[in-house]
Each structure stands twice: as structure tokens, then as C-alpha cells.
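Colleague: Residue numbers (the numbering used here), protein chains in the order written: chain D, 1 to 238; chain G, 239 to 422; chain U, 423 to 700; chain C, 701 to 978.
Calculated directly from the structure, the hints in this document are not laboratory data. Heads up, the beta-carbon is just placed ideally off N, CA and C, and yes, glycines get one too. Any given hint could be a false lead.
[Claimed, not checked] Some chain C residues flagged as far from chain D (calculated, every beta-carbon gap over 12 Å):
{"#": "1", "residue": "Arg724"}
{"#": "2", "residue": "Gly786"}
{"#": "3", "residue": "Asp804"}
{"#": "4", "residue": "Glu815"}
{"#": "5", "residue": "Arg825"}
{"#": "6", "residue": "Leu873"}
{"#": "7", "residue": "Met884"}
{"#": "8", "residue": "Arg923"}
{"#": "9", "residue": "Ala927"}
{"#": "10", "residue": "Glu928"}
{"#": "11", "residue": "Ala931"}
{"#": "12", "residue": "Arg971"}
[As the list claims (entries may be wrong)] One-sided excerpt, in silico: chain U residues whose CB lies under 10 Å from chain C:
{"#": "13", "residue": "Asn464"}
{"#": "14", "residue": "Pro597"}
{"#": "15", "residue": "Val624"}
{"#": "16", "residue": "Gly676"}
{"#": "17", "residue": "Pro680"}
{"#": "18", "residue": "Trp691"}
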Amino acid sequence: MHVHAPLDHIAFSNAWRTRSPIDKMTFGGGLLLLASVLPAMPWSAAIFAAAATATLAGARIPVRAWGRFLAPQIGFLSAAALPLILGAGWERAAAVWMRGVAAAACMTLLAMTTPVPDLLLAARRARVPAVLVELAFLVYRLIVSIWELFERLRLGLDLRLRGGKPSLHAASLSAGNLLTRSIQKARRVERGASLRGLEGFPMLTPRARTSRAFLVSAVALQASLLAAAILFRSRFPW
Amino acid sequence: MRGHRYLLAASAGYLFTLTALKLPSLAGSSSHPTGVALGTVLAGPAVMPALSLIVQLFQALLTAHGGLSTLGANVVALGVAGPWATWLLWRLASRCGLGDKPAIVLATAFGSMATYACTSFQLALAHPEPGGGVAAAFLKFAAVFAVTQLPIAVIESLFTIVVLRAIINSSGICVAGLEAWAQR
Amino acid sequence: MVNRLPIEARGVSYAYAPGHWAVRNVDLDVPAGARIALLGANGAGKSTLLLLLSGAEHVCHGEILLHGSSAERSREGLRRWRREVGLLLQDPEDQLLAPTVEQDVAFGPLRGGVEEPRARQLVERALADMAIPHLATRPVHELSLGEKKRVALAGLLVQAPAVLLLDEPAAGLDPGGVRALREMLDTLARAGTAIIMATHDVDFAYEWASEVCVLFQGGILARGEPAEILADREMLTHASLEPPLLLEAALAVGGPSPFPRSRPEFREWARPTRRIAL
Amino acid sequence: MVNRLPIEARGVSYAYAPGHWAVRNVDLDVPAGARIALLGANGAGKSTLLLLLSGAEHVCHGEILLHGSSAERSREGLRRWRREVGLLLQDPEDQLLAPTVEQDVAFGPLRGGVEEPRARQLVERALADMAIPHLATRPVHELSLGEKKRVALAGLLVQAPAVLLLDEPAAGLDPGGVRALREMLDTLARAGTAIIMATHDVDFAYEWASEVCVLFQGGILARGEPAEILADREMLTHASLEPPLLLEAALAVGGPSPFPRSRPEFREWARPTRRIAL
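The task is simple: from the sequences and hints, build the whole structure.
Modeller: Structure, rendered in C-alpha cells:
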């Protein structure tokens with residue numbers, strides 16, 4: 001999967017991998033919250049800069065990988081802004097767009113530094129209903145397998161089509177096979193789990209270092225952004 | 239939910255994989271409705287909010303499609319409005335004696351459009367028209383979507399039909415909605 | 423209790439559907455440290471027998487004994503069963519559930535109520551036994567097939583089972599991987615773990631097993647010493663199998679018994695022959 | 701045109717990610733009727749090389765020639781490429797598309813614009829060639845692994861490819877299945893189809909191949925006559941492989957060259973040895 005889902009691979013191998021998810025969520029989540037409440041101009045730009053610095057300098061994620069993930073998101077946001085221009089006018093569309101880009105940078109920071117399972121463990125500790133968290137763990141586990149199945153079926157289909165474009169018929173046959181095999185896989189994993197006597201997910205907490213200095217500076221950064229926004233609210237109204 | 243969780247997880251994983259391939263659609267509603275109908279038929283509308291939430295969460299975290307900011311709105315559109323519209327129309331169509339295929343086609347297309355109507359309404363609430371208010375904004379957004387989404391809804395219905403047929407032909411899988419469909 | 427056989431099957435039968443017997447009236451005695459190879463063509467019932475022995479499927483007739491007493495399907499009984507008997511599936515991925523290696527291996531102990539610090543120690547030891555301590559924090563889905571097999575084995579060994587069941591463990595491994603597997607299994611068997619392996623690889627079985635059991639259409643066709651059973655070409659052909667290459671070669675060349683069971687043994691054994699032949 | 705090699709690789713390289721070379725500068729000449737075994741440990745680049753030869757992946761450097769002219773990635777070029785070169789994936793299920801056997805085998809011809817009555821004839825012949833006409837109307841998912849492999853092969857043969865690429869075709873087959881596969885491949889090779897097989901099964905390669913090619917870290921480490929290449933223990937160990945058991949046994953015993961490559965040959969070859977030895 002790591003070849004085709006580089007985001008997951010990076011989340012497991014970046015410099016912030018062993019940093020506590022609480023640290024990362026405080027930093028990224030706080031910025032995300034600010035991005036959605038503070039006026040877009042100019043604070044979204046500041047939030048974007050902070051998230052970018054943390055991703056590239058802090059977690060030492062290669063610029064190219066970061067750009068590859070952020071660029072499509074910005075593209076989608078731009079496409080989304082089009083109907084907004086028609087519906088709500090230029091200024092609103094620009095504000096929504098800026099906010100979106102800043103939020104996307106915060107999300108990318110979180111997604112690239114924290115593996116999904118770590119987030120789910122954090123969610124469980126935060127008392128998100130166990131049924132939902134367990135289902136999410138299982139979905140993650142199966143996505144990994146289904147993604148691989150998908151790659152294999154796509155190769156198989158490609159070989160059968162001999163360079164042609166898939167017809168709707170062939171594509172849906174292939175999609176039907178994927179579902180059938182996904183469900184077979186789920187059954188095998190279910191048997192594997194029952195062999196090991198597993199009902200829930202008794203999960204070992206990954207070793208993670210919590211840094212008070214990190215938390216303090218994260219909160220300080222966010223507080224100063226908020227303070228600046230309040231201070232300059234006459235120039236940049238909310 | 240616990241009894242079928244492996245099946246549910248497989249359905250969610252499958253929907254994730256299918257939707258991960260598609261370009262996200264317009265207007266920040268990042269997920270494509272492909273899969274809404276399929277998911278509803280496979281798992282039933284009752285669990286779709288949970289499935290839809292998880293699928294969208296993973297889209298944000300694993301493929302960088304879309305963001306968490308629109309998650310709440312999308313769960314309503316893709317997890318509630320779309321599935322229930324699909325389900326109700328499907329039941330209704332079958333009750334009226336429509337064949338399986340036309341019923342699925344209609345229900346899928348309707349569910350897909352309902353998803354977009356819901357998104358348009360949410361957008362209209364967020365950005366009401368200065369003059370005409372929410373209603374006018376809704377019409378504007380809905381018009382933009384109708385042009386782009388109508389063809390997608392049609393393709394999606396056909397696709398759903400063939401996928402379902404392939405599944406039923408190639409295995410005896412019984413899942414909530416599918417079971418009812420296969421039995422008749 | 424300790425002297426009793428860790429696992430026995432008594433007249434065990436199993437049908438997937440009424441009348442379709444996958445396993446017929448199988449008896450099996452497994453002493454501690456045994457290395458038993460269940461040989462048979464695809465569909466001969468090997469995997470089903472392993473599932474029955476592991477407690478994953480109910481027997482239709484007969485019974486399975488653990489340390490001399492009948493294995494129970496109560497909640498408590500199954501829990502004990504799972505602790506005593508570990509099954510490695512053919513595709514190890516099917517039994518790996520956690521995101522990272524250490525989390526997966528820790529499943530067993532944590533589920534058994536072991537505290538985290540102690541579980542961590544157990545995991546470390548199991549990973550060291552499988553020679554994969556460097557993989558501890560790696561995501562499971564990025565590993566190679568051979569690595570996944572080791573992780574799944576570590577997840578079984580962390581429970582210190584008395585019996586290890588392996589379904590086609592060498593499938594998909596290259597010669598280097600097979601050699602590493604064989605060494606690992608030797609160490610385990612020497613430490614007293616009883617190992618039962620289902621395979622259609624007669625060469626591997628001949629070299630590794632202390633006893634072979636040939637299955638055909640769910641029943642036991644022959645059992646005993648590998649050198650003796652696997653020399654019976656007629657019986658093996660009936661079971662869609664072939665004699666091991668080394669045994670076939672030794673028989674063709676002719677020479678002193680016992681026949682060699684591994685490459686080095688063969689070279690040693692053939693030396694006097696060659697001297698005469700040249 | 702007919703005299704030209706059906707497929708050639710010229711300095712072919714491929715990287716999954718920048719700097720991670722899976723195949724390095726590989727040259728390969730494949731005459732009609734050739735039986736080439738690509739040997740190597742897991743991860744040595746065998747499967748990738750097959751994907752490149754099949755046109756499913758683009759080469760990064762070098763080129764692939766079909767009947768002497770450079771294979772093109774245009775729509776028309778790819779269509780010809782896929783018609784000339786068939787690839788059997790390791791898991792045949794990955795390339796089976798339609799619900800029933802005959803529908804699946806007919807997929808290629810129908811897509812190529814063949815009329816239905818003619819397609820039906822082609823399907824019948826392909827199923828007969830694979831000795832599975834009785835499976836025609838069976839649902840694909842009910843078949844055994846060996847049957848699925850035959851169906852997938854029929855789906856390739858129905859296009860009458862000049863080159864057949866096989867990825868670990870013996871994986872998961874029991875000895876009976878392997879024997880049947882070998883016979884089928886012999887028939888095909890005799891009819892002029894060039895066959896290239898990726899495998900880590902040195903025993904199978906030794907018995908079957910007319911030429912072996914040992915891959916190591918994406919590059920060709922050694923190539924040539926099986927009896928010669930596979931006797932080089934040092935080179936094979938370097939590539940995480942082992943000499944074939946029959947060759948090892950023959951070398952240990954010593955005797956007249958050429959060495960035997962199959963069980964019957966070995967028995968024949970060893971007979972004089974035995975007479976002297978006794």
C-alpha cells in the first residue's frame with residue numbers, strides 16, 4: 001500500500017512520528033479552529049504559514065510530497081469557489097477560499113504526521129463511542145487490503161482490455177469483483193480475529209513523547225494569533 | 239452494528255476505495271455520491287451516517303480529498319439525505335410493481351440528486367442571497383449542480399445496477415438491502 | 423497432566439454441508455515436541471483438520487482432547503484452547519489486525535488481561551525470538567510476506583502455546599525464506615512445542631517431519647516414519663502426491679539405509695557410492 | 701517478420717520511485733518456442749520484468765521489441781502488444797472478469813470485434829486445449845485454484861499469443877496440479893509459443909526450462925543452460941536460491957553428463973551407478 005498511499009507511509013515515517021498525538025492535535029487542531037473563526041484576511045495566510053513551517057521544518061516532510069497533497073486540495077477549493085462566485089459574490093468566495101486553503105494546510109499537517117490508528121486511539125481515549133472507534137479500526141484494517149485488491153484487479157482489467165478504455169460493462173464487472181473479494185477478505189479476517197479470540201481492539205499505546213515545551217509554544221502561538229486578531233479587529237473586521 | 243461489523247467495515251472500505259478514485263465534486267462537498275446508493279443497498283440506510291462519517295474521515299486523512307471542515311455538512315448530505323431518498327424511492331418503486339432494474343436506476347438517480355439538493359440547501363443557508371434570502375440562493379446553487387450532476391447521476395445508476403448484478407451472480411452474499419433484492 | 427499429550431483427535435469428522443465430509447474419522451496423537459506433516463493434495467482436508475484442531479470449527483463427530491481432557495466450547499474452554507493451540511493461516515495477513523507490529527503481537531497478552539508494561543516485555547521477547555525486533559514500530563501492511571509470517575508467528579508464540587498448527591507455511595516463500603522458517607521451527611520443536619504442519623510440499627515434509635500423515639478425501643491414508651511412508655510411490659500417486667526428490671534419488675542410486683533427508687546429508691551419504699562408482 | 705524474435709528486451713530499466721530500481725538494464729532475447737525461467741528471490745524484480753514485457757508498465761529506459769520492431773504505447777500499438785503477449789498473473793482470480801467460464805474466455809474475442817458464432821468456436825477450442833470443456837458454463841468463483849489458472853490461461857490462449865508470460869504459475873498447486881501444468885506448457889512450447897516464467901522454484905525451472913536467467917536486485921546475475929547455471933552453488937546462494945535437488949543429488953553421486961533433469965531421467969541415469977555401487 002505504501003507505494004500507492006504515500007500519505008499513510010509518510011504518517012508512519014516522519015520526524016514527528018513519535019511525538020504524542022495530543023501534541024500534534026493541539027497544534028494542528030488549534031490552528032484549524034482559528035482558521036474557521038478568525039477573519040480570512042490576513043489571518044488565514046498567517047495560519048497557513050505556521051502550518052507549512054511545522055510540516056516542512058518540524059516534521060521534516062519533503063516539500064514535494066507536501067505540495068503533491070496540498071495542490072489538489074487547493075484545486076478542489078478553487079473549483080468549489082466558482083459556484084460561490086456566482087451565488088454569493090467575489091469577496092465571500094475569496095474569503096471562503098482562503099479559509100479553506102489554511103484549513104487544508106492544517107489538515108495536511110495532521111494527516112502527514114499522525115497515522116490514522118494513533119488518531120483513533122486518541123479518539124477512544126476521548127470517549128468517542130467504542131462501537132464507532134472499533135468500526136473505524138476495522139475499516140482502516142480492511143482499506144489496506146481492499147486497496148491492494150483494487151490495484152491487483154486494476155492490473156488484471158488492464159491486461160484484459162488490451163490497451164482499450166474500459167466499457168461501463170467491464171468497469172462494473174471489475175467493481176463487482178472487487179466488492180465480492182472485499183467481503184471474502186473481511187470474512188477471512190473475521191476468522192483470523194476469532195482464532196486469536198479477539199472481539200474488541202485491546203491496543204498497545206504506541207510509545208510517544210509528550211513535550212511540555214512543545215505544548216506551551218503551540219498554545220502561545222495560537223494565543224498570540226488570537227490576540228493579534230482582537231487587537232487589529234478595527235482594521236480587519238470579523 | 240456489532241454483529242455485521244466485518245461486513246460493514248468491508249462495505250465502508252469498498253466505498254472508500256471507489257470514491258477515492260473519483261475526482262471530488264464541486265462546492266467543497268468533497269465526496270462523490272457514487273457509493274451512496276450502493277452503500278444504502280448493501281448496508282441499509284440506518285447505518286449510512288456512521289459509514290459515511292468514517293469513509294469521509296478516511297478520505298480526509300488518507301487521500302487528502304476534502305477536509306474536516308465540511309465533514310458535518312457532508313454527513314448530512316451523503317449519510318442521511320441521499321441514503322434515505324434512495325431507500326424510500328426504491329421501496330416505493332418496488333411496491334408499485336416496478337422491475338428491479340428500473341427501481342434501482344430511479345432510486346439511485348433520485349438519491350444522487352437528493353444529495354445535491356441537500357448540499358445546495360446547506361450552501362444556501364451558509365451564503366444566503368442578499369436580496370432573495372435562502373430560497374433564491376438555493377435555486378442558484380441547485381441550478382449549477384443540476385447541470386453538472388445530472389449526467390453523473392445517470393451513469394451512477396447504471397453502474398450500481400451492473401455492480402449489484404455482478405455481486406449477485408458471482409456469490410451468495412446476503413447483506414441488508416441486497417438480501418431483500420436478491421430474494422425477489 | 424504434564425505427561426499427557428498436548429493435543430489428540432479421536433475419531434474426528436466434519437462436513438461443510440450434510441453429506442459432504444471434509445474430514446472423516448481422523449485419529450491423531452501429538453506428543454510434545456512432535457513435528458507432524460499432514461500431506462495431501464488440495465482439497466484433501468488438511469486445512470479443515472487444522473481448523474478443527476484449533477477450535478475454530480466444531481467437530482461433527484468425535485472429540486479433541488487437550489492435555490488429556492476433552493476440549494470444551496464454553497467461553498472459558500475456548501479461551502484456554504486458543505492459548506494452548508496457535509494456528510498460522512496460509513495467508514498470515516488474515517490474522518494480523520493491528521496497525522503496527524508491536525500492537526499486533528500485544529493483542530494476545532492484553533486480551534488475556536496482562537498489564538501494558540508486562541505485555542511490552544512479552545512482545546519484545548517474542549519479536550526477538552522471531553529475529554524481528556527491528557520491525558516493532560513498522561506498519562504491518564508495509565511488510566513483505568515473509569515478514570508478515572514472522573509477525574503472525576510472534577503473535578502466536580507470545581502466548582507460549584503447547585501446540586502450533588501451520589497451514590502451508592512455506593507457500594510463497596523463496597528458498598532463503600524457507601530455510602529461515604525451517605530453522606525457526608526446529609528451535610521451537612526442540613523447546614518442546616508440538617508442531618503440526620499441513621502442506622503439499624513433500625520435499626519440505628521429508629526433510630522436516632518426525633512423522634507424516636497422508637490425507638486423502640478427508641481420511642488418513644497412511645501415517646508413520648517419513649522415510650518409510652514417502653517411499654510408497656503407489657500410495658502417494660493415489661493421493662496425487664509424489665515421493666520427495668531426495669528420497670527418489672537415493673532409492674534410484676541405491677545405498678545404505680537410513681536414507682539422507684537433507685542436502686548435506688545426501689552429499690555425505692553419496693560419498694562412498696561415488697567412490698565405488700568412479 | 702516471421703523469422704524475427706517474437707519479443708526482445710534491450711537495456712530495460714524500471715523504477716517504482718525515483719532511485720528505487722526494480723529492474724536494471726535487462727537484455728532478453730526470446731525465440732519462438734523458448735522456455736525461459738526467470739529465477740530469483742522475492743523482490744528480485746521478476747514480476748516487474750514480466751509487467752514490462754507485457755506492456756502493463758512503461759519502461760523507464762531501454763525498449764521492448766515485438767517481432768523486431770519497437771513496441772509502441774499508442775492505442776493501436778498496445779492493442780497489438782496485448783494480442784501478441786499474454787500474462788498470467790500469480791493469482792488468476794485477479795484477471796478473471798466475467799461470471800461464467802465461457803463468458804470470461806469470450807471476453808477477449810468479443811472485445812476484439814469477433815462475431816459471436818466465431819467467438820464461440822474460439823472459446824470452445826481454447827477450453828479444449830486446456831482440457832476444461834466441461835467447465836464451460838460453471839460460475840468462475842466455484843472453481844478450484846488449478847481450474848481458475850486453466851480458465852485464465854484459456855482466456856489468454858484464445859487470442860493465440862506469440863509469447864506467454866507466467867508469474868509463479870506453480871504457486872499453490874499440489875504435485876498433481878504442477879504435473880498437469882507442466883504438460884500443458886510443454887504442448888504450448890512445442891507449438892511454437894515462447895514461454896517466459898518467473899519463479900523461485902528452482903526444481904521446477906531445472907526440469908522445465910530451456911534457458912534460465914537468475915535475477916538479483918533487478919539485474920541479471922547469470923543466464924544460460926539450466927544444468928550449467930544451476931550447478932553454480934555460490935552464485936545461487938548469493939541470489940538467495942539453492943541448486944535443484946535432482947542436480948544436487950546427481951552431482952553428489954557423480955556420473956556421466958548430461959545430468960538428469962526429471963525423476964524418470966534420474967532413475968534411468970542412476971541405474972549403471974547402482975550396478976557398480978552394489
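Colleague: All hints are to be evaluated individually against the structure, with a verdict given for each.
Modeller: So, going through the hints one by one against the coordinates:
The beta carbon of arginine 724(C) is kept farther than 12 Å from every beta carbon of chain D, the shortest such distance being approximately 18 Å. With a minimum CB-CB distance of about 8 Å to chain D, glycine 786(C) fails to clear the 12 Å threshold, and the non-interface call is violated. The Cβ of aspartate 804(C) sits about 9 Å from the closest Cβ of chain D, inside the 12 Å cut-off, so the non-interface label is violated. For glutamate 815(C), the condition that its CB be more than 12 Å from all CB atoms of chain D holds, with the nearest at approximately 18 Å.
Residue-level check passed: arginine 825(C) sits 19 Å from the nearest beta carbon of chain D, beyond 12 Å. With a least CB separation of 19 Å from chain D, leucine 873(C) remains clear of the 12 Å interface cut-off, as annotated. Residue-level check passed: methionine 884(C) sits 20 Å from the nearest beta carbon of chain D, beyond 12 Å. Distance check for arginine 923(C) against chain D: the nearest CB is about 26 Å away, which clears 12 Å, and the non-interface claim stands.
With a closest Cβ-Cβ approach of about 34 Å to chain D, alanine 927(C) is found to remain outside the 12 Å limit, as its non-interface label requires. Non-interface status of glutamate 928(C) relative to chain D is upheld: no Cβ of that chain comes within 12 Å, the nearest being about 34 Å off. Its beta-carbon lying about 36 Å from the closest one in chain D, alanine 931(C) satisfies the requirement of being farther than 12 Å from that chain. Under the 12 Å C-beta cut-off, the non-interface status given to arginine 971(C) relative to chain D holds; the minimum distance is some 47 Å.
Because the closest C-beta pair between asparagine 464(U) and chain C is about 5 Å apart, less than 10 Å, the hint holds. Given the 10 Å rule on beta carbons, the hint for proline 597(U) holds: about 5 Å separates it from the nearest Cβ of chain C. Interface hint at valine 624(U): satisfied, since its Cβ lies 7 Å from the closest Cβ of chain C, which is below the 10 Å cut-off. Given hint, glycine 676(U) at the interface with chain C, holds; its Cβ is 4 Å from that chain's nearest Cβ, closer than 10 Å.
A cut of 10 Å between beta carbons decides the hint on proline 680(U): the least distance to chain C is about 16 Å, and the hint is violated. A hinted interface residue such as tryptophan 691(U) counts as satisfied when its beta carbon comes closer than 10 Å to some beta carbon of chain C; here the least separation is about 8 Å, so the hint holds.
Going through the hint list in order, the structure does not satisfy hints 2, 3 and 17.
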